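Residue numbers (my numbering), protein chains in the order written: chain A, 439 to 544; chain B, 3 to 120.
Please note: incorrect hints may appear among the correct ones.
[Stated by the list, open to error] Part of the chain B face toward chain A, derived, beta carbon under 10 Å:
| id | residue |
| --- | --- |
| 1 | HIS37 |
| 2 | VAL39 |
| 3 | GLN41 |
| 4 | GLY51 |
| 5 | TRP52 |
| 6 | GLN64 |
| 7 | PHE97 |
| 8 | THR102 |
| 9 | TYR106 |
| 10 | TYR107 |
| 11 | TRP110 |
[Claimed, not checked] 16 Å max Cα-Cα, derived EDC-like pairs, lysine to aspartate or glutamate:
| id | chain 1 | residue 1 | chain 2 | residue 2 |
| --- | --- | --- | --- | --- |
| 12 | A | LYS477 | A | GLU519 |
| 13 | B | LYS63 | A | ASP439 |
| 14 | B | LYS61 | A | ASP439 |
| 15 | B | LYS65 | A | ASP439 |
| 16 | B | LYS14 | B | ASP91 |
| 17 | B | LYS63 | B | GLU48 |
| 18 | B | LYS65 | B | ASP91 |
| 19 | B | LYS61 | B | GLU84 |
| 20 | B | LYS15 | B | ASP91 |
Because the hints were derived from the structure by calculation, they are not lab data. In this text, all values refer to a predicted model and were calculated from it rather than measured experimentally. Backbone N, C-alpha and C fix where the C-beta goes; we use that ideal spot for every residue, glycine too.
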Amino acid sequence: DIQMTQSPSSLSASVGDRVTITCRASQRISTFLNWYQQKPGQVPKLLIFDASKLYSGVPARFGGSGSGTEFTLTISSLQPEDFSTYYCQQSFSPLFTFGPGTKLEI
Amino acid sequence: QVQLVQSGAEMKKPGASVKVSCKASGYTFTAFYIHWVRQAPGQGLEWLGWVNPNSGDSKSKQKFQGRVTMTTDTSINTVYLEVHSLTSDDTAVYFCARPTSGSYYIHWGQGTLVTVSS
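Isolated chain A, as found in the complex (with noise of 0.2 Å):
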């Protein structure tokens, strides 16, 4: 099975700023990843897809970028609704895998 890595686990930010989190696969997956946001007691919400593109409805302060085994998630100016969990999910091999989750927190 691939194995996905999310850095940092948790992170601290205020809003208005700049965040990033990498997403690392155990072997180049292309850019056959995910991106998803989930909030307590819901199901989760994708965000990007295809490691840049950006799903319909989602906002533009959200990006997604990297190939291979390398994967960011970027949001341009935190805003209070941001403050969740958010998930990398690898479908590349037919075994899919998430990775374990970074807390984003005030």
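Take the given structure of chain A and dock chain B to it, following the hints.
Relative to the frame of chain A, chain B by itself:
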């Protein structure tokens, strides 16, 4: 619109099995795989496996092979996840999710809480 509706919460004793259902509507049931994801309390998302409603084929993460069964009933547009030999580590919310053709998830069931306790 696409809907995935899961069965209700379950409480089981260690060693027992649990079967969770996921009923799909709003699209051609046999055209898309259904995946299963779980989330233990306060923990991250863990991918379990998928089932192909068209063929009945399934594949699960290696750690679950032999302990998880994923099946489908095309007559009622429903897929099932059965987890055997439950332990307290299996206490989690279990989600079904339907990937798009691009292999990312925008459609999720509401989740089913499975609690394993003696």
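### Query
Which numbered hints does this structure break?
none
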